[in-house]
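Listed here are the chains, written in short residue letters.
There are 2 protein chains.
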Amino acid sequence: MFGITILGNNSAIPAYDRHPTAQVVTLNDQLFLFDCGEGTQMQITRYRIRRSKIHYIFISHLHGDHYFGLIGLLTSMGLLGRTQPLHLFAPAELDTILQLQLKVAATELPFSIAFHPLPEAGVLVDTPKFSVECFPTEHRIPCWGFIVREKLKPRKIDKEKIQQYAVPAAFYERLKNGDDYESRTGEIVRNEWVTYANRSPRSYAYCADTRYHEPIAKYANGVTVMYHEATYLSDLADRARDRFHTTAQQAAAIARLAETKRLLIGHFSSKYDQLDEFLAEAVSVFPNVDLALEGVTYRVGH
Amino acid sequence: MFGITILGNNSAIPAYDRHPTAQVVTLNDQLFLFDCGEGTQMQITRYRIRRSKIHYIFISHLHGDHYFGLIGLLTSMGLLGRTQPLHLFAPAELDTILQLQLKVAATELPFSIAFHPLPEAGVLVDTPKFSVECFPTEHRIPCWGFIVREKLKPRKIDKEKIQQYAVPAAFYERLKNGDDYESRTGEIVRNEWVTYANRSPRSYAYCADTRYHEPIAKYANGVTVMYHEATYLSDLADRARDRFHTTAQQAAAIARLAETKRLLIGHFSSKYDQLDEFLAEAVSVFPNVDLALEGVTYRVGH
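Protein sequences, first through last, are from chains A and B.
All residue numbers for the first sequence refer to the working numbering, where the first residue is 303 and numbers rise by one.
All residue numbers for the second sequence refer to the working numbering, where the first residue is 303 and numbers rise by one.
Isolated chain A (complex conformation):
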């Protein structure tokens, strides 16, 4: 399972029961939280997200609609008895704010937070099963996008064919990496007899808040799914530019440039009650678009 669950799809002011930005990415047994606007902990409860499974939180920038819910979520995790450590990747100043808030409340969390200030760009997490990297966007204050990539062994074992050969299970990982097997007696099992090429690994780019900024398409080139903000419709392209935001059409143009398979758009301005126009506008530029709707989980590929 690789999917994105939207917890908040609105820009700065909550409206029409749309909430400030937050989304949970599920990759097999891992949950990643991207941004954490006010009310995220309530949305997590509403949509039955297993908060104990969240071990990584990424905050794109320090505008309130992207992080005001974080301290509440952390505090509640503590009250609920969490002991597992949590990795928090965020702009450096957030650490000072959180520490101050914990201090004035005389609160000591029962779990540790490994705070990682965001570098300009690069890999943040690298495990055998996935990686997460960050890249800069163009916003009024420093802001980062993130890419989650699953990692797959290049080859998969053919369960039927492998039964014809006496390859010990301990060697399976090396088979997946493409090695041939040689038995003690010198018998060779060629890799291509018992494996086939794995599918290509999937990836998701969360592009946070940004002006229309073509370098994003380069960073996120070829991702399976891209989320891009679309705060305004095209008639407000000037306002979008002034406020360091993007129109639905521009978001679609970035998706096309990036050659992604699927685009999600969100971060809608509170001035819009209805969202249909966002979809119509984006589809005219890039075919495979969805509105990022709260409570919905969007699958990444396959």
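Hints in this document: simulated from the structure, not taken from any laboratory.
Part of the chain A face toward chain B, derived, beta carbon under 7 Å:
hint: 1; residue: P316
hint: 2; residue: E340
hint: 3; residue: G341
hint: 4; residue: M344
hint: 5; residue: F370
hint: 6; residue: I373
hint: 7; residue: G374
hint: 8; residue: T377
hint: 9; residue: S378
hint: 10; residue: L381
hint: 11; residue: E395
hint: 12; residue: I399
hint: 13; residue: L402
hint: 14; residue: A408
hint: 15; residue: I443
Pairwise CB distance ranges, derived in the manner of DEER restraints:
hint: 16; chain 1: B; residue 1: A408; chain 2: A; residue 2: A472; range: 54 to 60 Å
hint: 17; chain 1: B; residue 1: A408; chain 2: A; residue 2: K573; range: 18 to 24 Å
hint: 18; chain 1: A; residue 1: D397; chain 2: B; residue 2: T599; range: 40 to 46 Å
hint: 19; chain 1: A; residue 1: N500; chain 2: B; residue 2: Q401; range: 48 to 54 Å
hint: 20; chain 1: A; residue 1: S536; chain 2: B; residue 2: A423; range: 57 to 63 Å
hint: 21; chain 1: B; residue 1: R558; chain 2: A; residue 2: D397; range: 45 to 51 Å
hint: 22; chain 1: A; residue 1: D331; chain 2: B; residue 2: R601; range: 52 to 58 Å
hint: 23; chain 1: A; residue 1: D397; chain 2: B; residue 2: A408; range: 16 to 22 Å
On a predicted model such as this, the values are computed, not experimentally measured, just so you know.
Every residue, glycine too, gets a C-beta built ideally from N, C-alpha and C.
Fit chain B to the known structure of chain A by using the hints.
Just chain B, lined up with the frame of chain A:
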């Protein structure tokens, strides 16, 4: 109109669609906000509170469930174009937190915030129409309760009787204060001919978070309505004491000691799904109790 609208009635962790603490007190044309847990700005929208009418905010203490929603509310007020100044009464450290949060967002609010650190006890606001005072409660960190008192002129003009005398309208305020009127020609209109005693002024005590603490009954003696926390039921009296909270029965005992007319109880622990027992327990000690339910406005007297 003098009333209390409950926006959040739950303790630390939001649960069962109950929200962390916040309440709006309406006194004629004034709105006062007492505490501002996470999600308060959404609750303000949900219950159609006119946020532009809020000129005074009081924060009882710096546990997150009482203030994490404040920065979001202030930011949204700014985005909505507020220019009227706002008075904020809170523990001193809150100013540092708010300033830091505004700074990292490069946000300059379009209205000014007059920050008033809370004194140990005493009058915070004193106008011809109302006053607000604070008093200490007994909590794990410094915590304050607040009392709003309406101010009334001692006498009211009898609209029928006044028509029999030629008293200029400009003198009415002095009549309300009990003065006799003497005309240019030396004719006396005795105060008691044209006025009658006003009703006694109403008052509301918001007692915030606290252990069972009898001095509260002294500070809030004789208030028309008292809100007192009731985090637990009596069987958890030990836990209440350990965690600096109160049971429903203890809250009722304080109300009885204070000789208030009406008690509201709230700040229910997330361990309770149903609240009926809180009412039953409190009523056994003090008859006129209501559960503080979200979205409900409770009138103060008359």
